[in-house]
Amino acid sequence: MDDRLQARKAEFEAVLGRTLSPAVQDAPEPISDEDLKYLMDQAEDLFWNELEWEHLTEEEQLDEGTLTEQAFPGFLAFIRGLLLDEVMPDALAGATPRPSVVRGILGFLLDELDRFRSRLDAGEGDGERLKAEIAMTEGLIDLTLATLMGLTASDLESLSEARAGN
10 MDDRLQARKA EFEAVLGRTL SPAVQDAPEP ISDEDLKYLM DQAEDLFWNE
60 LEWEHLTEEE QLDEGTLTEQ AFPGFLAFIR GLLLDEVMPD ALAGATPRPS
110 VVRGILGFLL DELDRFRSRL DAGEGDGERL KAEIAMTEGL IDLTLATLMG
160 LTASDLESLS EARAGN
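Going left to right, the sequence shown walks through residues 10 to 175 as the numbering used here numbers them.
Do not take every clue at face value.
[Stated by the list, open to error] Cross-link-like lysine to aspartate or glutamate pairs, in silico, EDC-like; alpha carbons within 20 angstroms at most:
hint, residue 1, residue 2
1, Lys-18, Asp-130
2, Lys-140, Asp-120
3, Lys-140, Asp-35
4, Lys-18, Glu-170
[To be verified] Pairwise CB distance ranges (calculated):
hint, residue 1, residue 2, range
5, Ala-144, Ser-30, 24 to 34 angstroms
6, Ala-23, Asp-99, 38 to 48 angstroms
7, Leu-65, Gln-34, 34 to 44 angstroms
8, Glu-137, Pro-98, 43 to 53 angstroms
9, Gly-174, Met-97, 23 to 33 angstroms
10, Arg-89, Leu-45, 11 to 21 angstroms
11, Asp-99, Gly-134, 48 to 58 angstroms
12, Ala-171, Pro-98, 36 to 46 angstroms
13, Asp-135, Ser-30, 32 to 42 angstroms
14, Asp-99, Asp-11, 33 to 43 angstroms
15, Glu-95, Arg-124, 34 to 44 angstroms
16, Ala-32, Trp-57, 25 to 35 angstroms
17, Glu-61, Arg-126, 52 to 62 angstroms
Hints were generated in silico from the structure; no laboratory data involved. Small disclaimer: the values here were computed from a predicted structure and weren't measured. All C-beta atoms in this analysis are idealised placements derived from N, C-alpha and C, irrespective of residue type, glycine included.
Build the full structure now, drawing on both the sequences and the hints.
Right, here's the structure in full:
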C-alpha cells in the first residue's frame, strides 16, 4: 500500500481505535490489463468531469467548503460498484469485487492531490480554485478510503469530529 494511503489509513485507525482492512476481498479471477485500464480511465474521467462540473455550477458550495459526497455522486457510485460483493438472485452475472482497483484509484487521487499542492506552492494558476480542488480531492480520498474499509456513518462522523477538534 502506498505510504500516503497508509498514513491516511493509520489516521483513521487512530481515531476509531481499531485496525481497518478492506470490507471485501478481490474476486478470485484476475482482472485483465485491458479491463484494469478501462476501469481506471472511467474513474479518472468521472473525477475530472465531476470536478469541472462543480467549478462551473458551484452547486455544492457552503461557507465552510464543498459537500464532497454530493459533488462526486457518480464517482462514489462507481467506487461502491467496484466493491459490490452481493447481487440480486436473478442477476445475469455474479459479484466481482475489485478493492485492488479502488486502491489504484486512490493512488490516482493522491497523485492529483500532490499535483494540485505543487501548483499552489509554485503560484501557478488560480490559487482559490486550487485550494478548492485540494479540499475536494482530500474529501474524496477520505470517502473512497472509508468506502473501501467499510466504515459506517458513525465512523465518518467520528473522523470528522476528530479533524474539527485539531
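query: For this structure, which hints from the list above don't hold up?
result: 1, 3, 9, 17
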